[in-house]
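Student: Got chain A sorted already, so can you dock chain B onto it with the hints?
Those sequence lines, one after another, are chains A and B. Residue numbering for the first sequence follows the numbering used here, beginning at 1 and increasing consecutively. Residue numbering for the second sequence follows the numbering used here, beginning at 1 and increasing consecutively.
Calculated directly from the structure, the hints in this document are not laboratory data. Certain hints may be false.
All copies of an identical chain are treated as equivalent in the list; a pair is satisfied when it fits inside any one copy or across any two copies.
Subject to a maximum C-alpha distance of 25 Å in a straight line, what follows is the list of computed PhoX-like cross-link-like pairs (lysine-lysine) [said to hold, decoys possible]:
| hint | residue 1 | residue 2 |
| --- | --- | --- |
| 1 | Lys383 | Lys345 |
| 2 | Lys239 | Lys519 |
| 3 | Lys383 | Lys460 |
| 4 | Lys446 | Lys407 |
| 5 | Lys34 | Lys239 |
So the chains spell out like this:
Number of protein chains: 2
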Amino acid sequence: MIVGQIKMRLFIFVSLFWASTFAIRPGPVIQASKGAVWPKPQQQEISETYYLIRPHSFTFKSPDHIGCPSFLDDALTRYWTIIATTISSKLEEKLWKLDDNFLGYLEILTIKLFGECPNENILPELYDNENYTLTIDSDGAVLTSETIWGVLRGLETFSQLIYSEQDTLMINATKINDFPRFPHRGFLLDTSRHFEPVPIILQMLDAMAYNKFNVFHWHITDDHSFPYKSRTYPELSDKGAYHPVRGVYEQSDVKKVIEYARVRGIRVIPEFDTPGHTRSWGVAHPELLTSCFTDNVVNGQLGPMDPTKDITYNFINNLFTEIVNVFPDSYFHIGGDEVEFDCWKSNPDVNNFMKQNNFLSYEQLESYFIQHVVNILDTLSSKYLVWEEVFVNGVELPNSTVVHIWKDNGLSTLNNVIKAGKYGLYSSCWYLSVLHSGSDWDAFYKCEPALLLHTEEEKKLLLGGEACMWGEYVNEYSVIPRVWPRASAIAERLWSDESVNDISDAQIRLEEHACRMNKRGIAAQPPNGPGVCF
Amino acid sequence: MIVGQIKMRLFIFVSLFWASTFAIRPGPVIQASKGAVWPKPQQQEISETYYLIRPHSFTFKSPDHIGCPSFLDDALTRYWTIIATTISSKLEEKLWKLDDNFLGYLEILTIKLFGECPNENILPELYDNENYTLTIDSDGAVLTSETIWGVLRGLETFSQLIYSEQDTLMINATKINDFPRFPHRGFLLDTSRHFEPVPIILQMLDAMAYNKFNVFHWHITDDHSFPYKSRTYPELSDKGAYHPVRGVYEQSDVKKVIEYARVRGIRVIPEFDTPGHTRSWGVAHPELLTSCFTDNVVNGQLGPMDPTKDITYNFINNLFTEIVNVFPDSYFHIGGDEVEFDCWKSNPDVNNFMKQNNFLSYEQLESYFIQHVVNILDTLSSKYLVWEEVFVNGVELPNSTVVHIWKDNGLSTLNNVIKAGKYGLYSSCWYLSVLHSGSDWDAFYKCEPALLLHTEEEKKLLLGGEACMWGEYVNEYSVIPRVWPRASAIAERLWSDESVNDISDAQIRLEEHACRMNKRGIAAQPPNGPGVCF
Numbered sequence: 001m002i003v004g005q006i007k008m009r010l011f012i013f014v015s016l017f018w019a020s021t022f023a024i025r026p027g028p029v030i031q032a033s034k035g036a037v038w039p040k041p042q043q044q045e046i047s048e049t050y051y052l053i054r055p056h057s058f059t060f061k062s063p064d065h066i067g068c069p070s071f072l073d074d075a076l077t078r079y080w081t082i083i084a085t086t087i088s089s090k091l092e093e094k095l096w097k098l099d100d101n102f103l104g105y106l107e108i109l110t111i112k113l114f115g116e117c118p119n120e121n122i123l124p125e126l127y128d129n130e131n132y133t134l135t136i137d138s139d140g141a142v143l144t145s146e147t148i149w150g151v152l153r154g155l156e157t158f159s160q161l162i163y164s165e166q167d168t169l170m171i172n173a174t175k176i177n178d179f180p181r182f183p184h185r186g187f188l189l190d191t192s193r194h195f196e197p198v199p200i201i202l203q204m205l206d207a208m209a210y211n212k213f214n215v216f217h218w219h220i221t222d223d224h225s226f227p228y229k230s231r232t233y234p235e236l237s238d239k240g241a242y243h244p245v246r247g248v249y250e251q252s253d254v255k256k257v258i259e260y261a262r263v264r265g266i267r268v269i270p271e272f273d274t275p276g277h278t279r280s281w282g283v284a285h286p287e288l289l290t291s292c293f294t295d296n297v298v299n300g301q302l303g304p305m306d307p308t309k310d311i312t313y314n315f316i317n318n319l320f321t322e323i324v325n326v327f328p329d330s331y332f333h334i335g336g337d338e339v340e341f342d343c344w345k346s347n348p349d350v351n352n353f354m355k356q357n358n359f360l361s362y363e364q365l366e367s368y369f370i371q372h373v374v375n376i377l378d379t380l381s382s383k384y385l386v387w388e389e390v391f392v393n394g395v396e397l398p399n400s401t402v403v404h405i406w407k408d409n410g411l412s413t414l415n416n417v418i419k420a421g422k423y424g425l426y427s428s429c430w431y432l433s434v435l436h437s438g439s440d441w442d443a444f445y446k447c448e449p450a451l452l453l454h455t456e457e458e459k460k461l462l463l464g465g466e467a468c469m470w471g472e473y474v475n476e477y478s479v480i481p482r483v484w485p486r487a488s489a490i491a492e493r494l495w496s497d498e499s500v501n502d503i504s505d506a507q508i509r510l511e512e513h514a515c516r517m518n519k520r521g522i523a524a525q526p527p528n529g530p531g532v533c534f
Numbered sequence: 001m002i003v004g005q006i007k008m009r010l011f012i013f014v015s016l017f018w019a020s021t022f023a024i025r026p027g028p029v030i031q032a033s034k035g036a037v038w039p040k041p042q043q044q045e046i047s048e049t050y051y052l053i054r055p056h057s058f059t060f061k062s063p064d065h066i067g068c069p070s071f072l073d074d075a076l077t078r079y080w081t082i083i084a085t086t087i088s089s090k091l092e093e094k095l096w097k098l099d100d101n102f103l104g105y106l107e108i109l110t111i112k113l114f115g116e117c118p119n120e121n122i123l124p125e126l127y128d129n130e131n132y133t134l135t136i137d138s139d140g141a142v143l144t145s146e147t148i149w150g151v152l153r154g155l156e157t158f159s160q161l162i163y164s165e166q167d168t169l170m171i172n173a174t175k176i177n178d179f180p181r182f183p184h185r186g187f188l189l190d191t192s193r194h195f196e197p198v199p200i201i202l203q204m205l206d207a208m209a210y211n212k213f214n215v216f217h218w219h220i221t222d223d224h225s226f227p228y229k230s231r232t233y234p235e236l237s238d239k240g241a242y243h244p245v246r247g248v249y250e251q252s253d254v255k256k257v258i259e260y261a262r263v264r265g266i267r268v269i270p271e272f273d274t275p276g277h278t279r280s281w282g283v284a285h286p287e288l289l290t291s292c293f294t295d296n297v298v299n300g301q302l303g304p305m306d307p308t309k310d311i312t313y314n315f316i317n318n319l320f321t322e323i324v325n326v327f328p329d330s331y332f333h334i335g336g337d338e339v340e341f342d343c344w345k346s347n348p349d350v351n352n353f354m355k356q357n358n359f360l361s362y363e364q365l366e367s368y369f370i371q372h373v374v375n376i377l378d379t380l381s382s383k384y385l386v387w388e389e390v391f392v393n394g395v396e397l398p399n400s401t402v403v404h405i406w407k408d409n410g411l412s413t414l415n416n417v418i419k420a421g422k423y424g425l426y427s428s429c430w431y432l433s434v435l436h437s438g439s440d441w442d443a444f445y446k447c448e449p450a451l452l453l454h455t456e457e458e459k460k461l462l463l464g465g466e467a468c469m470w471g472e473y474v475n476e477y478s479v480i481p482r483v484w485p486r487a488s489a490i491a492e493r494l495w496s497d498e499s500v501n502d503i504s505d506a507q508i509r510l511e512e513h514a515c516r517m518n519k520r521g522i523a524a525q526p527p528n529g530p531g532v533c534f
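Next up, chain A with everything else stripped away, as it sits in the complex (with noise of 0.2 Å):
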């Protein structure tokens, strides 16, 4: 009954060639997949036999998981309700040439979740296994994992395999074998530069979920906005968000995402960026920055935390006391990126205590402060990530510590970092604030960021990577246009097998799956030039 890939070539061989004559072609300059994948399966067969599905007599069965937890029910109601109301389809029954590869219509899904029925309360956690097969045949269709997380993945994956053909749902037999490359599939979000609301941030979970994201790295202050309100010091977002009231995130908001994103089998790691990008700390609490000196005259200014005074320790530890208790991601992001030394430099109680402490390098008083917040953290039994110039600059780290490499030349950063032990978590080419005119998925979707690697035990240490949505020009009104579907190029990459890099195969691919997204509620923009989704 499985064909192999044969209809898929063909298929594939139909679209190029649609797509190299275009030059008197009307329509869509890419035509769009029908049911394929993204971000494409590990294995994947695929036959030219099909069922047709009625939605309002399809449904999931999930035997084995009676009592497990709700959410694996919550996300059967969201995909049965997705395959019903989001992929086109008239409910009066069409009349249909039915071939001989019609295998009859699809009812149920079967869901087998091997393995212990998990915890009500269960959290995602790094190295979760996400493995499922999927398996539509003659047989009927039967989803398999050994945990919840990989039945959610399989749920979107059995959603994306549904198409529409003349107003009618169809799936053809397949047989899927799926797991992720990289076990940190992230997307960081700056909502400091500019505050995004809490529904923003909840269509953008939805939208990771839809492209198999699994972490959301929240970047939640930085220079010039703190909108986290936090329990112990209220007033760093009553003077610090730039608004008290409708630019924070109250407690209950920072919940909401929390367990949004938990029953989408995506972690939430905070950011709270330390000594520099803290100017907004500064309106509440600006004891807790260096006073800048012109000519040794205080001249008003203020810079990075003060890393000589014991007050700025006790601040951190009571407020990321707090971020850890809140935040129940067992990592923590603790930034360290792009430490400005000027005003270091002009402080003369900086360089006094500089000279106390022999210290010869600015560099090894960053290092003496991220030293401090590292043991902190060890004592809150949380684990870190860091910015790459934290392990550039020499700080002592344990080797669980992540380092996130951000600069331009990032793959021999990685290498460093992998070759001292440690794990690396790759971002340099995967800015999405930076733009080109056009198409400008494919540079994040060419991206490898294992390419200097060599061994299993190296590559094992590339925890994986993150898309990177920073703040400054991007408000509530753009930033999904702007984000999808460019960062799903980054999404497949980080997913897929390592051989998956054809651009010419992916832009079909992508082409569905933009319009996909746009079908259930995300704004995304076209990915290939002109083109239509009703």
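Tutor: Okay, now just chain B, sitting in the frame of chain A:
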């Protein structure tokens, strides 16, 4: 009472100082102005004295226009709603520290429309008088204009002068004498590469009015789709639109767009681009397009329109007769850009035809085609715009023709156009599809189209310009944040005096204007980096 621009100058100085020290400052990078007008009026004096406004006891009075077009009443309602609902205010009266500058509560704006009471069905036209004066002083507020169009522009200005301070509406005493620099201030929207639903077009028209644009150039058809539902040839969109129902503009849609534009003082100029950019015409009418050959054998592909056949011109005549009837503006954009000659070169019949007519170049053949189209429009008493190639290729054009310049060396082409006594319209530097990372409106802003024009006669032949939003990479979800506020930069270049070109002054006002558009429901993206709009 009027203290000149002292306060405004002080304000700008403070803002620049603020911006230059932002390395230590949290909050928005650019602090928005309050009550600054975009595009900047030709002459404005502003005072520190001010009125407060309570929306529910504020009215427009226009004694002179009783019996004048009801759309003036509609405009007053529209602007009353904008003032009452989109500028932050609280109904309860606040304790307000009234100082010596307080002039009282402004309860009436008197509108004096001089001149004839216009016809109910009056259409905006090229060279309409849009001048107005607006005086707000201790005697109250008066808007005067000789035309209904000037009243519309003045109402927009009035609505922008009002700002919110401690949740109370304020307006400073001011004296404005305003008029546009150019009579043609256009925005081109391409609805062929992606279909843009009517509600999106109406939002664009709203935003255009907020920026004093006065021409909607509707690039309605192109290679990829033909969304205009013709009465004469409905098969063009039945077969050539992306979808025969969901991808078309019905006659009723077109009427709605034209009327929505008209009452905002915006002309609608349709473009039906020929002889290139017509692949979508060929789905229903392949006989209109040139058959392409390989080695003297027809290869099944179709090129530009076939300039050798009478049926081509008969068809265009019939269709354009309809278009001139449907679109009431006296101008019609007939395209003429980017005609590829390869297919013509390959076709033996075309080459024979050229021999018979002693054509020595394909440019001559193209000119022959355009000459026929131009003759058709002359018969229909319609004036026309053409893309620059038509002029460059030497088509004989009457002096009423407007040559639309879009290529890179636009300033010198414009110079040639004007030296030849034709009208010029400029777009070379105003392609909104050209993207750069970060803030990218300044290049649009700095572009000065009249750079090479010296005499008053020359300058008069430059009608203005158009911001062009080509549709390849924008869809209904992304087009509005892509256009706004980037097109606002072009709006100011086209309306304000040539001397208004200070980026530092502009960015403060654009920060306010983008937020103003957000509050009015336009999904504008941020212009200047980190910021906030609540």
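Student: State whether the alpha carbon distance between Lys446 and Lys407 is at most 25 Å within one copy, between copies, both, or neither.
Tutor: Intra 17 Å, inter 32 Å, cutoff 25 Å: intra-copy only.
Student: Under a CA distance limit of 25 Å, which applies to Lys383 and Lys345: within one copy, between copies, both, or neither?
Tutor: Answer is neither: 31 Å inside a copy and 69 Å across each miss the 25 Å cutoff.
Student: Between Lys34 and Lys239, at a C-alpha cutoff of 25 Å, which is it: within one copy, between copies, both, or neither?
Tutor: between (51 Å within a copy, 22 Å between copies)
Student: Please sort Lys383 with Lys460 into within, between, both or neither, judging by C-alpha distance up to 25 Å.
Tutor: within (18 Å within a copy, 69 Å between copies)
Student: Within, between, both or neither: how does the pair Lys239, Lys519 come out at a Cα-Cα threshold of 25 Å?
Tutor: Between. Shortest inter-copy distance 24 Å satisfies the 25 Å Cα cut-off; intra-copy 40 Å does not.
The earlier numbered hint that this structure contradicts is number 1, and it is the only one.
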